[in-house]
Amino acid sequence: MKRKVKIRIKGLLDDKWRNWFDGMEITHEGSNSILSGIIIDEAALHGILNKIRDLNLTLLSVNFDS
Amino acid sequence: MLKTKLTKPAPTSKLIFRKELIHTLESGKEKRLTLVSAPAGYGKSTLISQWIDQSDIRHSWYSLDKSDNDIVIFLQYIIAGILSDYKSLQFKTEKLLASNANPSYETLATFLINDLLEIDDHFYIVFDDYHLIENNAINNFIHFLLNNLPQHIHLVLITRSDPSIPLARLRSRQLVTDIRLSDLSFSANNIYDYFKKSLNISLSIDDAKTLEVKTEGWIAGLQLAALSLQGRDDISDFVEKLKGDNRYIMDYLIEEVLQQQSSALRDFLIATSILKRFNASLCNAILGINNSQEIIEYLERNNMFVVPLDSERQWYRYHHLLEHLLLNRLKNKNPAYTNDLHTKACNWYEKNGMIEDAIQHAIEIKDFKRSLGLLNQISADLWATGRHSSLLEYGNLLTDNDIYTNPGFSIYYSWVLIHSGQALKAVQYLSNAEIEIEKRLAKPHDSKELFELKGRLAVAQAILHTVTGDFEKIEKHSCIALEYLSEEDPLWYSWAWYAVGLKDMALNNLPEAIKSLKVAVDYAKKSGNIYLVSTIVLRLVYTEQRMGHYVSAFQNCTGLLEYIEEQGYSELTKVDWIYSGLYTTLSMINFMWGEFERAKAYIKIGYELSLKEPNLTYRFLSLFTLSIVNYDKNNLSHCLADLKQLEELMHNNTVQPHFTVLYLARKGFVLLETEEPEKVLAFFNTNNITSDSEINSFNEYAFIPLVLYLLSIGNISEAQKKLGEINRLATQANRLDRLIEIQVIYSLIHEVSGDTEEAVQCLINAMDIASEQRIVIYFLHYLDKIKEPLHKAFKVLATRKHNVPEEYLEKLKLLLARHKKVSKNQNFSDISKRELETLKLIAEGLSNQEIAEALFLSIHTIKSHVKSILLKLEVDKRSKAVVKAKELNII
Chain E
1 MKRKVKIRIK
11 GLLDDKWRNW
21 FDGMEITHEG
31 SNSILSGIII
41 DEAALHGILN
51 KIRDLNLTLL
61 SVNFDS
Chain L
67 MLKTKLTKPA
77 PTSKLIFRKE
87 LIHTLESGKE
97 KRLTLVSAPA
107 GYGKSTLISQ
117 WIDQSDIRHS
127 WYSLDKSDND
137 IVIFLQYIIA
147 GILSDYKSLQ
157 FKTEKLLASN
167 ANPSYETLAT
177 FLINDLLEID
187 DHFYIVFDDY
197 HLIENNAINN
207 FIHFLLNNLP
217 QHIHLVLITR
227 SDPSIPLARL
237 RSRQLVTDIR
247 LSDLSFSANN
257 IYDYFKKSLN
267 ISLSIDDAKT
277 LEVKTEGWIA
287 GLQLAALSLQ
297 GRDDISDFVE
307 KLKGDNRYIM
317 DYLIEEVLQQ
327 QSSALRDFLI
337 ATSILKRFNA
347 SLCNAILGIN
357 NSQEIIEYLE
367 RNNMFVVPLD
377 SERQWYRYHH
387 LLEHLLLNRL
397 KNKNPAYTND
407 LHTKACNWYE
417 KNGMIEDAIQ
427 HAIEIKDFKR
437 SLGLLNQISA
447 DLWATGRHSS
457 LLEYGNLLTD
467 NDIYTNPGFS
477 IYYSWVLIHS
487 GQALKAVQYL
497 SNAEIEIEKR
507 LAKPHDSKEL
517 FELKGRLAVA
527 QAILHTVTGD
537 FEKIEKHSCI
547 ALEYLSEEDP
557 LWYSWAWYAV
567 GLKDMALNNL
577 PEAIKSLKVA
587 VDYAKKSGNI
597 YLVSTIVLRL
607 VYTEQRMGHY
617 VSAFQNCTGL
627 LEYIEEQGYS
637 ELTKVDWIYS
647 GLYTTLSMIN
657 FMWGEFERAK
667 AYIKIGYELS
677 LKEPNLTYRF
687 LSLFTLSIVN
697 YDKNNLSHCL
707 ADLKQLEELM
717 HNNTVQPHFT
727 VLYLARKGFV
737 LLETEEPEKV
747 LAFFNTNNIT
757 SDSEINSFNE
767 YAFIPLVLYL
777 LSIGNISEAQ
787 KKLGEINRLA
797 TQANRLDRLI
807 EIQVIYSLIH
817 EVSGDTEEAV
827 QCLINAMDIA
837 SEQRIVIYFL
847 HYLDKIKEPL
857 HKAFKVLATR
867 KHNVPEEYLE
877 KLKLLLARHK
887 KVSKNQNFSD
897 ISKRELETLK
907 LIAEGLSNQE
917 IAEALFLSIH
927 TIKSHVKSIL
937 LKLEVDKRSK
947 AVVKAKELNI
957 I
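As you go down the protein sequences, you meet chains E and L in turn.
Residues 1 to 66 (our numbering) are what the first sequence spells out, left to right.
Residues 67 to 957 (our numbering) are what the second sequence spells out, left to right.
Only chain E is shown next, with the shape it has when bound in the complex (with noise of 0.2 Å):
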């Protein structure tokens, strides 16, 4: 199911990692990144969190906009 989803995640990534996952947006608050984008299903956003892992990026909170 297409989901839109917000990432958090700590530290500021630059947005040359836009393509690396997906072409999510990448935005910026305080020091944390937001990565924002539709997910087409649970796989793809598993996907997405397997490449913020294997970066050893800190996840803060996975958010969706119904």
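Please keep in mind that the hints were generated in silico from the structure rather than gathered at the bench.
Quick caveat: nothing in here was measured; it's all calculated off a predicted structure.
Watch out, some of these pointers could steer you wrong.
[To be verified] Using 30 Å as the maximum straight-line C-alpha spacing, the simulated BS3-like pairs for lysine-lysine come out as follows:
(1) L:Lys670 x L:Lys906
(2) L:Lys397 x E:Lys16
(3) L:Lys307 x E:Lys10
(4) L:Lys699 x L:Lys410
(5) E:Lys51 x L:Lys432
(6) E:Lys6 x L:Lys132
(7) L:Lys275 x E:Lys51
(8) L:Lys410 x E:Lys51
(9) E:Lys4 x L:Lys132
[Unchecked claim] Listed next, with one range per pair, are the computed distances between beta-carbon atoms:
(10) L:Ser253 x E:Asp41: 39 to 47 Å
(11) L:Lys85 x E:Ala44: 26 to 34 Å
(12) E:Lys2 x L:Leu490: 25 to 33 Å
(13) E:Ala44 x L:Asp151: 37 to 45 Å
(14) E:Asp41 x L:Thr720: 25 to 33 Å
(15) E:Ala43 x L:Thr797: 54 to 62 Å
(16) L:Ala450 x E:Ala43: 28 to 36 Å
(17) E:Lys2 x L:Asp758: 51 to 59 Å
[Stated by the list, open to error] Computed footprint of chain L on chain E, listed as stretches where at least three residues anywhere in the stretch have a Cβ under 8 Å from a Cβ of chain L:
(18) 4-17
(19) 51-65
Here a beta-carbon is modelled for each residue, glycine too, at the ideal position from N, C-alpha and C.
Mind docking chain L on chain E? Use the hints.
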């Protein structure tokens, strides 16, 4: 197979030795699992590698990547890893993998565990990057291993996230050593030591503390920081700047590091990041340079995140983290540049015969034509080595239109689709493959190869239609298959004959089915594929069973068991669900022969195996057989409960129409025993089993209970009419067990009508047929109603010449005598008080003489008690009587 995946990475010399952690590992050495779970760049692999070297641990090392999600590949690597240390061992698991049958993870694990028993030292199987495993079958497999491994075999899982395996039970049994993030991350002290000892950089305590906070003890971050610091004097300045920068630390550090390198080296690093592994020749090829060897050596010398993959130092990879960082930089470059790199890598791999790597690069740049061209070269091989999930995965990546023009790939891909329950998806691929092959045949061509392709395609189509149930198409395609394939291709030839057999079975042409299946078995044996042999033999014996050919079915069952044993795989029949069919058939045969204890023992195994079956064929058959074998006139509610289970199975799933008939017949028989005529009638009516319904070769069996019902209400003429119709069909099809039952029922009818002579003759006819197949059950089943004519039949046979062997008659008489006694003793409850006392003393191990003395009786009396006990309990030995009596709670 890539040897590099099985090489333990050498721990980089410049890293400090982690004494406390090695100590933790050492003291947990006896445990079954060592789990090292932490994010990338915390030194997990390095730690285990150090431990192995330090303690001289016998091990196999397996670096996983995504392609290892195919359980067949996964096991092949495990085995190859172990065999590279134990060269003289032979693993039976290997042959199972190549059997094209997708054995269950449990079967595979059972065999691997047996194979591992050959190893006598403590042995550690290390899985690096286990987080790349997404296939649950592999998680289940590892879980099964963890619970069943012999004491001296240990697993080490290195992973970025905890595996999807329940570990609570193992942890509570103290069988797991855990190494986690908090254990691995560097403290300020560690950081100070690391810079000082490994890099000869003196940090101030404050700088070390800042680095600890900033990097959170992350080793990869510290290493990158160290690289940036090399040749710098302003250490504190650098650390201060790092502290003040909020960017993702790796972005910051990689920038620093790359800026210190020459532009040629920068280009090299970024370009080669597309390679999962690299050697100098491959790097030269994609960059158009000739000094890659020097560059790689420089990188290794300077600790720049390259990991050697073999002891000859030919193949390397980047540390995954650096790979990601570099790859991201490449992503921000011109796509044409990236495409060009992949194309060159693809070319190099193809030239060097590493086709699967070549395909990966072609897929990466979405060059599907090229991918398929390459895939055609290896799909037969992927199929033959059992790598089905790889084929499925490639199929998913490619577009339909591209697949259509590649019959080679289509055939194997479809074959796998059909066998993984996606038959409908295969239809389009196969019909397009057919068009494509015909096109090629119309042009000048290499006939041998194309004919083989056409033949195999026809086999796949025939097998496909055994699923869709289109018999004409099975016939058409199997004819083509037999024409274009030769005996030199025994595996496919066998499949073709198997398809023919399945068609005959579906059309209820059982004698033809038996012939085809026998041919199929012969070729299957030539192919040496155990699963194929088993699959076909099981169909064969089931068909023989339906024909009433119990002797031959028995020979084929035992033949299969012997064959499997000769091949050294006897454990297989105890764990793999397909052998449910074997034990179910053996149970039915023994039941027919009056060997009730054996029948019960076999059906127990058959039923338990069927519970593992993903589809329901054997579940149905074993439950059906169970309801017959465990049938007890005195416990009808139990029988009805068995049938209820069958009903539920049929209600929730579509089963073969033939199964429905079996069920209806069985239910009819049992309902008749309940002696509630309204219920019986209602059951017949709702299932369209009436005097007016049409009887044919498919449904005839369900009408036998109707005949019995008609007799029970005194409608003899109608009963005779229906039985006549069934008899005609059974005679036409020559179904022996049906013919026997019909003769027995005829006898019963004649007996009621007062024509004893004819009744006796019918029984003699029945014995005539039954004796050849050693069948006795029908005489026992109808005994109450045919007692008189049966008695006379024995007399008649004693006085005149006949064809029924004496041996058979003796056995029948013995069973009848036992049956009479037992049915008199309902529920074994009328074992007399004296007999019970005797039984208890037998259980205590007393001899007849001792029992006689204990009970103040003559030994003669005791002997007669014992005889009577054996009869009542249906056993042939005193020891068995005790076991059975305990089972029945009599003593």
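Hints, verified against the model:
Our distance criterion of 30 Å between C-alpha atoms is met by Lys670 of chain L and Lys906 of chain L, whose separation comes to about 28 Å. Distance hint between Lys397 of chain L and Lys16 of chain E is fulfilled; the C-alpha atoms sit about 9 Å from each other, no more than 30 Å. With a C-alpha separation of about 19 Å, the suggested pair Lys307 of chain L and Lys10 of chain E falls inside the 30 Å cut-off, and the hint holds. Taken as a hint, the Lys699 of chain L and Lys410 of chain L pair is broken in the structure, with Cα atoms around 77 Å apart against an allowance of 30 Å.
A distance of roughly 22 Å separates the Cα atoms of Lys51 of chain E and Lys432 of chain L; the hinted pair therefore holds under the 30 Å criterion. For a cut-off of 30 Å, the pair hint linking Lys6 of chain E to Lys132 of chain L stands: about 28 Å separates their Cα positions. The straight-line distance between the Cα atoms of Lys275 of chain L and Lys51 of chain E is roughly 29 Å, inside the 30 Å bound, and the hint therefore holds. At most 30 Å may separate the alpha-carbon atoms for a hinted pair to count; Lys410 of chain L and Lys51 of chain E meet this at roughly 27 Å.
Our distance criterion of 30 Å between C-alpha atoms is met by Lys4 of chain E and Lys132 of chain L, whose separation comes to about 28 Å. Our hint of 39 to 47 Å for Ser253 of chain L and Asp41 of chain E holds, since their Cβ atoms are close to 42 Å apart. Restraint check, Lys85 of chain L to Ala44 of chain E: a C-beta distance of roughly 43 Å breaks the suggested window 26 to 34 Å. Lys2 of chain E and Leu490 of chain L have their C-beta atoms about 27 Å apart, which keeps the hinted 25 to 33 Å range intact.
Against the hinted window of 37 to 45 Å, the Cβ-Cβ separation of Ala44 of chain E and Asp151 of chain L comes to about 41 Å, which satisfies the hint. With their beta carbons about 30 Å apart, Asp41 of chain E and Thr720 of chain L fall inside the hinted range of 25 to 33 Å. At roughly 60 Å, the beta carbons of Ala43 of chain E and Thr797 of chain L sit within the given window of 54 to 62 Å. Between Ala450 of chain L and Ala43 of chain E, the C-beta spacing of about 31 Å keeps the proposed range 28 to 36 Å intact.
Checked against the hint of 51 to 59 Å, the pair Lys2 of chain E and Asp758 of chain L passes, with Cβ atoms roughly 58 Å apart. Coverage of the stretch 4-17 of chain E by chain L holds. Counting CB-CB distances below 8 Å, 6 residues qualify, and the rule asks for three or more. With 5 residues having a Cβ less than 8 Å from any Cβ of chain L, the stretch 51-65 of chain E passes the three-residue criterion, so the hint holds.
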